[in-house]
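Residue numbers (this note's numbering), protein chains in the order written: chain H, 876 to 1302; chain G, -3 to 246.
No lab work stands behind these hints, which were simulated from the structure alone.
The structure presented is a predicted model; accordingly, all values stated were derived computationally and were not measured.
Check the hints yourself; a few may be wrong.
With a Cα cut of at most 27 Å, we get these calculated DSSO-like pairs of lysine-lysine [as the list claims (entries may be wrong)]:
{"hint": "1", "chain 1": "H", "residue 1": "K948", "chain 2": "H", "residue 2": "K962"}
{"hint": "2", "chain 1": "H", "residue 1": "K1297", "chain 2": "G", "residue 2": "K66"}
{"hint": "3", "chain 1": "G", "residue 1": "K13", "chain 2": "H", "residue 2": "K1297"}
{"hint": "4", "chain 1": "H", "residue 1": "K1125", "chain 2": "G", "residue 2": "K66"}
{"hint": "5", "chain 1": "H", "residue 1": "K894", "chain 2": "H", "residue 2": "K1128"}
{"hint": "6", "chain 1": "H", "residue 1": "K1127", "chain 2": "H", "residue 2": "K884"}
Quick look at which bits of chain G chain H covers, simulated, 3 or more residues with Cβ under 8 Å [stated by the list, open to error]:
{"hint": "7", "stretch": "87 to 93"}
{"hint": "8", "stretch": "101 to 109"}
The calculated label-pair distances, taken between Cβ atoms and stated as ranges, are [stated by the list, open to error]:
{"hint": "9", "chain 1": "G", "residue 1": "G106", "chain 2": "H", "residue 2": "S1224", "range": "36 to 42 Å"}
{"hint": "10", "chain 1": "G", "residue 1": "D16", "chain 2": "H", "residue 2": "G1273", "range": "55 to 61 Å"}
{"hint": "11", "chain 1": "H", "residue 1": "L1144", "chain 2": "G", "residue 2": "S9", "range": "28 to 34 Å"}
{"hint": "12", "chain 1": "G", "residue 1": "N71", "chain 2": "H", "residue 2": "M1282", "range": "32 to 38 Å"}
{"hint": "13", "chain 1": "G", "residue 1": "D16", "chain 2": "H", "residue 2": "I902", "range": "48 to 54 Å"}
Where is the CB? At the ideal position from N, CA and C, for every residue including glycine.
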Amino acid sequence: MKKFIASIKKETILLLRDKIGLSILFIMPIILIIVMTLIQDSAFHTISEKGVPVVMVDNDHDVLGEAIFDGLKTSSLCTITDSIDGKKATTQSVKEAVSQGKYLIGIVIPENASNNIRKSVEELVNQSMGLEDIQNSKALDSVEIIMYVDPVAKNSIIVTVMSNLHEFIAGIKTKIMFETFTEQIGEILPEGNSAPKNVYEQTQIIHYKQVYASNLVNDVVPNAVQHNVPAWTIFGMFFIVISIVSNIMKEKKEGSAFRLYTMPTSYFLIISSKVFVYVSICFLQFIAMLLVGIYILPFVGLDSLDLGDSISGVLLLGLATAFAATGYGIFVGTLSLSEQQGAILGSLSVLLLSALGGIWVPAYVMPGAMRQISSFSPMNWSLDGFYLLFFRGTGFVGILAPVLKLMLFFALMMVFSLRIQKRRRAN
Amino acid sequence: MEQTPIIQIENISKFYKGADEPTLKGVSLEIFAGDIYGLLGPNGAGKTTLISILCGIIPPNSGSAKINGKDVFTNLTEMKQLIGVVPQDIALYPSLTAKENLQFYGAMFGVHGEELNNRINHWLERLGLSHAANRRIDKFSGGMKRRINLIASVLHNPAILFLDEPTVGIDVQSRTVIIEQLEELNKDGMTIIYTSHHLDEAENFCSNIGIIDYGKIIASGAPAELIEQTENARNLEDVFLHLTQRKLRD
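Please work from the sequences and hints to get the whole structure.
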């Protein structure tokens, strides 16, 4: 035990004397969290607050054009205009403006679009009520709405605007259909149609209510802070790999490792003391980053991090992540033959594990095969655990599975490291 | 009365993975308690490998190494407590002070507390480094580092001290202090096994010499005996050149 304490003391002094290394361990991840959360948050607000810039030409001048323009105007998704540089937009000017990147989307509603819809609906109603023979029906003019799209626009944005557009068009079509039916029925019924004309507008058959499926006592609205703080905290914690690799490689290079091999002290004890110190540092990093999420982010205009209902669960998962990150660092340090090799291997593999783990892009948007691979990343286990705690309201027991996975990963890394070290010395 | 060897090496061979030929080819050797044994040889002859095997750092491919009659590799922890190793390179933490380094290495040998501090102070005094006890190693001169390198290996009073070129690259003053201290330790009963390229130093310092080349011991005995046995040899350097020839080594 005295040897273990002496080794811990040595590791702690070495770490504390490395001011640059220490500042990288603490300051860089904190800056990373603030910057990434701000970027993600502003990206989210660019779409949701300012909206996608859309320009529209209404050649219809009837209900369809009005419905689309008014609908998109009231939608938080878009900022819509019908003029370009103070002049009324035309089909040609819309195309040019979108190609120049002034607007992401340009919409052109053709002439007589509403009338054509009306005629089509009337014909369909007449046919369905047996008032007109299907065989004698005329070919109907279909309505073609043109959308000019900026090639740099994200497909997800286009799809969202398109779905809004479809909704408005479907609404108009249903309205015209309802009004036509009402008129036809009024003509058939002897008493005439006494229903008020605006009955369709007054009726809202389906309501939508968005409720987050969470067991949390207090509803937590998913936001950039809740998503980004755990993700970048895990990423920052795994970057301790670089510091551990540097520590192990320096020990080899400076000859201390050789001297230690000549002493009646096991390699396991030496490594265990490193694990103790680096897990402690990593856990302190974790606490610091959570505190940044809770207390610092609100100062830069972001929401405060909500830790959910199980603080003990958060701490346990943080500790397990610290063990996994440290174990991985010991493994890379043992595997590497030089400091440069270790630094490259450590940083690239952490980037790869983070990409696979869903730190940069959520795992659920990855293709099937990548999703499968993602489930092998310790960062993914940790991130899933934090999402369970922060969004789904899972308690202490609920996160034992990811905690167990992370601890098994740590144990595996230690076994590999000890084996590699033993093999290297034997050869 | 027949003396019992403190170190017995029998037919040791070592082949490094990827090497063209074995580094050690059936080396056998006996070293007696209280000896100052000089293991001499050109670069790449196998000196460091032989010492590494005796210290339990790397296992041999065949043969056996015994200390006090016990196999090194089956009693590794016990054997390591008996030995001290002064590596060829400075094996200290540059960002720790001299005292912090010595406290750590002393503790790794199981010496703790007041006893450890007393020994550290004693040795710093003995090697003229008391004034630099709290200075970081990276602020030390080469000679000062060599002296701390030696202290770190003797804090636990080992029975056998291995030194791999302990006086390389230092000034005459530091070299003299180190040699004097090693002689003192030897007088107190410590067995010393030493490698060096300073043949004049080895001639004066060692009671017995083993010359190793191409992984084999090619001569052994007291320096005076070896000089006497070699035709036209005036000193150990003549013996060395006669036995190992003038061909340059990698």
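Now for the hints, and whether the structure bears them out:
1. The hinted pair formed by H/K948 and H/K962 meets the criterion: a straight-line CA distance of about 19 Å does not exceed 27 Å.
2. At most 27 Å may separate the alpha-carbon atoms for a hinted pair to count; H/K1297 and G/K66 meet this at roughly 22 Å.
3. Proposed proximity of G/K13 and H/K1297 is supported: the alpha carbons are some 14 Å apart, at most 27 Å.
4. Distance check on the hinted pair: H/K1125 and G/K66 sit about 34 Å apart at the alpha-carbon level, beyond 27 Å; violated.
5. Straight-line distance between C-alpha atoms of H/K894 and H/K1128 comes to about 20 Å, which keeps the hinted pair within the 27 Å bound.
6. This hinted pair checks out: H/K1127 and H/K884 have alpha carbons roughly 19 Å apart, not beyond 27 Å.
7. Counting residues of the stretch 87 to 93 of chain G whose C-beta sits closer than 8 Å to any C-beta of chain H gives 6, which meets the bar of three, so the coverage hint holds.
8. With 6 residues having a beta carbon nearer than 8 Å to a beta carbon of chain H, the stretch 101 to 109 of chain G meets the requirement of three or more and the stated coverage holds.
9. Distance hint check: the CB atoms of G/G106 and H/S1224 are about 38 Å apart, consistent with the given range 36 to 42 Å.
10. In this structure the hint that G/D16 and H/G1273 lie 55 to 61 Å apart at CB holds, the actual value being about 60 Å.
11. Checked against the hint of 28 to 34 Å, the pair H/L1144 and G/S9 passes, with Cβ atoms roughly 31 Å apart.
12. Roughly 35 Å separates the CB atoms of G/N71 and H/M1282, a value that falls within the hinted 32 to 38 Å.
13. Between G/D16 and H/I902 the CB atoms are about 50 Å apart, so this pair conforms to the stated range of 48 to 54 Å.
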